[in-house]
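**Q** The residues making up each chain are set out below.
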Amino acid sequence: MPFDDQVAQLFEETRDDVYRYLMTLGLHPPQAQEAVQEVFLRLYVALKKNEEIRNPRAWIFRVAHNLGLKIRERESFLPFPAGLEARLAARENDPEASLLEHERTLRFHRAIEGLSEQQRRCLFLRLEGLRYPEIAQVLGISASAVSEFLRRAIARLRKVQL
Amino acid sequence: MSKLPLPHPAGEQLLRYADGELSSRESEQIRVHLSACWQCRAELEEVEQTINECVRYRKSVLANLFPPPPAPWCDIRGRLTEVDATLGSPSLLERLADSLGVLLRSPRRWAAVATTIVLIAVIVSELRHTPSVQAAELLRKAALASESHPQTPRRIQIRTSTRRITRIAGASTATAAEREIETSFRSARYDWDDPLSAKSFAAWRSQLPARRDSVVTVFDNRSPENNRYEIRTAAESGELHEAMLALRMRDLRAVEARLEFGSLGLVEISELPDEPFRAAAAPEAAAKPPAAVETARTPEKVIPAATASDELRVFAALRRLGADLGEPIEVKRTGSQILVSAVGLAPRRQQSIRQELAVLPQVQIQFADPSAGAAPPVGGRSIRSDPVQPGVLRLQEQLEKQLGGRASFDQFADQALDLSDSLMAHVHALNRLADHFTADVERQMLPPDRLLLQRLRLDHAQAISIKAQSIEARMKPVLAAVAEEPGAAASPAAFSGTWQAATQELFPQARRTERLLAVMLGGAASEVPVEALPSQLLNHLTQLRASAEAYRDFTAASPAGDDR
Ligand SMILES: [Zn+2]
Chain A
493 MPFDDQVAQL FEETRDDVYR YLMTLGLHPP QAQEAVQEVF LRLYVALKKN
543 EEIRNPRAWI FRVAHNLGLK IRERESFLPF PAGLEARLAA RENDPEASLL
593 EHERTLRFHR AIEGLSEQQR RCLFLRLEGL RYPEIAQVLG ISASAVSEFL
643 RRAIARLRKV QL
Chain B
2 MSKLPLPHPA GEQLLRYADG ELSSRESEQI RVHLSACWQC RAELEEVEQT
52 INECVRYRKS VLANLFPPPP APWCDIRGRL TEVDATLGSP SLLERLADSL
102 GVLLRSPRRW AAVATTIVLI AVIVSELRHT PSVQAAELLR KAALASESHP
152 QTPRRIQIRT STRRITRIAG ASTATAAERE IETSFRSARY DWDDPLSAKS
202 FAAWRSQLPA RRDSVVTVFD NRSPENNRYE IRTAAESGEL HEAMLALRMR
252 DLRAVEARLE FGSLGLVEIS ELPDEPFRAA AAPEAAAKPP AAVETARTPE
302 KVIPAATASD ELRVFAALRR LGADLGEPIE VKRTGSQILV SAVGLAPRRQ
352 QSIRQELAVL PQVQIQFADP SAGAAPPVGG RSIRSDPVQP GVLRLQEQLE
402 KQLGGRASFD QFADQALDLS DSLMAHVHAL NRLADHFTAD VERQMLPPDR
452 LLLQRLRLDH AQAISIKAQS IEARMKPVLA AVAEEPGAAA SPAAFSGTWQ
502 AATQELFPQA RRTERLLAVM LGGAASEVPV EALPSQLLNH LTQLRASAEA
552 YRDFTAASPA GDDR
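Order-wise, the sequence lines are chains A and B.
Under my numbering, residues 493 to 654 are what the first sequence spells out, in order.
Under my numbering, residues 2 to 565 are what the second sequence spells out, in order.
Heads up, some of the hints might be wrong.
Dumping the calculated DMTMM-like pairs for lysine to aspartate or glutamate here, alpha-carbon to alpha-carbon at most 25 Å [stated by the list, open to error]: (1) 60/B x 544/A; (2) 651/A x 47/B; (3) 60/B x 496/A; (4) 60/B x 505/A; (5) 541/A x 85/B; (6) 540/A x 47/B.
So the derived list for chain B, only partly shown, Cβ under 8 Å to chain A, looks like this [to be verified]: (7) 16; (8) 39; (9) 47; (10) 66; (11) 330; (12) 333.
These are computed hints drawn from the structure, not numbers from a lab.
The structure presented is a predicted model; accordingly, all values stated were derived computationally and were not measured.
Every residue, glycine too, gets a C-beta built ideally from N, C-alpha and C.
Model the full structure from these sequences, guided by the hints.
**A** Written out as structure tokens, the structure is:
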């Protein structure tokens with residue numbers, strides 16, 4: 493497949509996930525959207541340069557993660573979860589979701605908020621389908637550290653459910 | 002003697018096992034252990050449950066509650082073609098990819114190559130044509146804004162690598178140092194009299210034979226009033242190589258400029274508070290009330306009109322918060338401003354709305370306490386305000402029996418009426434969009450704006466369709482049991498023409514269904530014969546569901562913004 497088709501297809505499939513991931517890093521929506529577009533242009537340049545990219549999805553998240561941190565450093569950013577709590581609270585009146593369900597989500601959300609930054613990053617990258625070595629590469633840590641962070645994250649989240 | 006193969010695996014092993022991160026040998030050992038050990042199997046199941054919960058969280062919270070992208074996604078193929086065109090010279094591609102390669106091979110070295118990366122980001126952004134459109138538009142608005150709100154002459158500070166001078170914009174040049182800087186400005190054709198202004202920046206920018214623009218939005222989370230746009234324009238020739246102008250988001254006032262001259266180097270211009278200046282340097286000016294200065298300087302005022310696009314962004318912001326559903330919030334476009342007003346909102350709600358609107362230009366917010374003025378009647382359903390007609394009462398009793406008692410009926414009725422309320426809120430929101438963005442207004446809007454409008458509409462259309470479906474699904478079995486005749490099939494609803502007209506068709510249908518539901522479940526006065534009520538309601542619900550679906554498909558399919 494020509495490079496531009498590959499990039500266009502990946503863009504369609506992945507942009508929303510990347511956009512959301514960048515917001516979990518604390519970027520504002522316009523910043524996040526801008527960064528997503530940037531990532532795919534970079535992917536294109538890398539492909540044209542015959543860079544070896546085995547797993548494009550992992551590549552995309554790695555570049556997005558780094559770019560996101562860079563933007564965060566340069567400009568001000570929102571602490572996670574960027575107004576999600578207010579939005580969650582506003583959903584209270586949604587008749588589609590029962591009150592119990594709502595409470596459960598809110599509790600889980602707070603637990604996610606309470607995770608350490610590394611735990612949360614590992615968790616979110618895993619949720620986006622990255623394997624341990626890939627997450628390790630994004631975060632610049634070892635794969636065994638990734639499994640340790642994930643284990644602790646799961647253990648903490650498990651307590652909330654009970 | 003029975004023995005467990007291997008001790009219980011550590012929690013981490015179990016997670017790695019579940020995640021397929023173990024070698025086949027390790028994973029086989031665990032599998033054997035699990036088949037023998039209930040404890041560990043239960044443990045594994047709990048891990049899986051937590052993983053499920055995380056997946057659910059991603060789907061319901063992250064995917065739903067994060068604001069959608071503020072603009073339509075770019076046309077990626079167009080961008081790639083631009084990259085191709087601009088990177089035609091292999092040297093630039095080489096340079097770009099080399100720096101990227103460094104980054105990709107060793108993410109830890111990010112800090113070391115940070116400057117390169119920023120540079121790349123700028124280069125790549127500049128490949129797009131949109132920034133130049135954005136820059137021109139922002140500058141135009143900012144220039145209009147400053148003309149309509151004239152300031153008393155501003156005191157500005159100008160810093161070069163060797164000097165720091167303070168001057169009054171427009172004052173004649175006094176010192177030799179100033180004259181030297183002035184010469185550079187003049188040869189670059191950059192207005193020296195009022196260097197910190199959108200007008201001067203725009204004048205310089207527009208006379209450039211070739212230029213590259215980029216626009217960056219800078220957010221200051223601690224003090225949102227400092228949020229700003231930074232317009233950077235690089236010239237390909239001339240004395241002034243590159244210039245940056247910062248416009249405060251709230252009023253598009255020029256607050257900072259950075260100019261990179263060939264001979265003079267970097268010149269930074271910023272604004273100084275004007276109090277000390279008036280007292281010290283211009284006693285007559287201080288004596289005059291500022292209003293007099295204002296009228297003396299600008300005989301005629303130009304008010305920059307707030308556009309439909311500005312207004313649309315307010316609606317989009319409210320949509321993101323769900324604040325367009327029945328809350329007493331008014332949006333009005335008046336001349337130069339979008340006025341957002343509300344009475345009696347909770348302080349927390351006020352705050353989140355302010356936050357969401359803070360980044361939008363030309364928005365004026367007016368929140369009032371209900372005590373401060375006449376509060377609008379608080380919405381809410383009044384169940385059984387009228388005496389329930391005997392016929393309806395009998396019907397309700399039949400429903401109660403079916404549902405298993407009064408309490409169940411009440412719960413059922415509440416849920417159905419809640420759904421109907423919420424459906425109506427979306428219908429009203431659509432109606433409001435149709436009022437504010439008439440077909441005429443829409444024709445004047447740019448394609449990306451029309452696309453955004455379509456997305457807002459689609460959002461409501463989807464919600465209406467889901468809710469109509471859900472009400473029908475709940476009511477149908479219950480009504481069918483008491484209806485005299487079986488419900489008719491929905492006559493296929495078709496919408497054509499403008500979406501505004503389609504919305505006007507949908508509205509009465511929704512309104513009528515809501516009314517019948519209120520009669521049936523809430524005991525409102527009925528204007529139809531009671532015997533006919535169940536089957537009529539049944540038909541209306543079915544019809545509304547079909548119409549809502551058709552409306553949704555019509556909204557999704559109708560061309561908006563793609564006629565470029
Ligand atoms: Zn065991």
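**Q** Verify the interface restraint on residue 39/B: the C-beta must sit less than 8 Å from at least one C-beta of chain A.
**A** 18 Å, violated
**Q** Does residue 66/B hold up as a contact with chain A if the rule is Cβ-Cβ below 8 Å?
**A** At about 4 Å, which falls below the 8 Å cut-off, the nearest Cβ of chain A leaves the hint on residue 66/B intact, so it holds.
**Q** Is the interface hint satisfied for residue 330/B? The criterion is a beta-carbon contact with chain A at less than 8 Å.
**A** Violated, about 13 Å.
**Q** Does residue 85/B lie within 25 Å of residue 541/A when you go C-alpha to C-alpha?
**A** 12 Å, holds
**Q** Does residue 651/A pair with residue 47/B here, judged by a C-alpha cut-off of 25 Å?
**A** 10 Å, holds
**Q** Do the numbers back the hint for residue 333/B, that is, is its least Cβ distance to chain A under 8 Å?
**A** 23 Å, violated
**Q** Hint check: is the beta carbon of residue 16/B less than 8 Å from a beta carbon of chain A?
**A** Holds - the Cβ of residue 16/B comes within 8 Å of chain A, reaching about 5 Å at its closest.
**Q** Is the hinted pair residue 60/B and residue 505/A satisfied, with a Cα-Cα distance of at most 25 Å?
**A** Distance of about 16 Å is within 25 Å: holds.
**Q** Within 25 Å, alpha carbon to alpha carbon, are residue 540/A and residue 47/B?
**A** 46 Å, violated
**Q** How about residue 47/B: closest beta carbon in chain A under 8 Å, or not?
**A** 6 Å, holds
**Q** Regarding the pair residue 60/B and residue 496/A, is the alpha-carbon distance no greater than 25 Å?
**A** Cα-Cα ~30 Å, so violated.
**Q** Could you grab the alpha-carbon distance between residue 60/B and residue 544/A and see if it respects the 25 Å cut-off?
**A** 32 Å, violated
Hint compliance for this structure: hints 1, 3, 6, 8, 11 and 12 are broken, all remaining hints hold.
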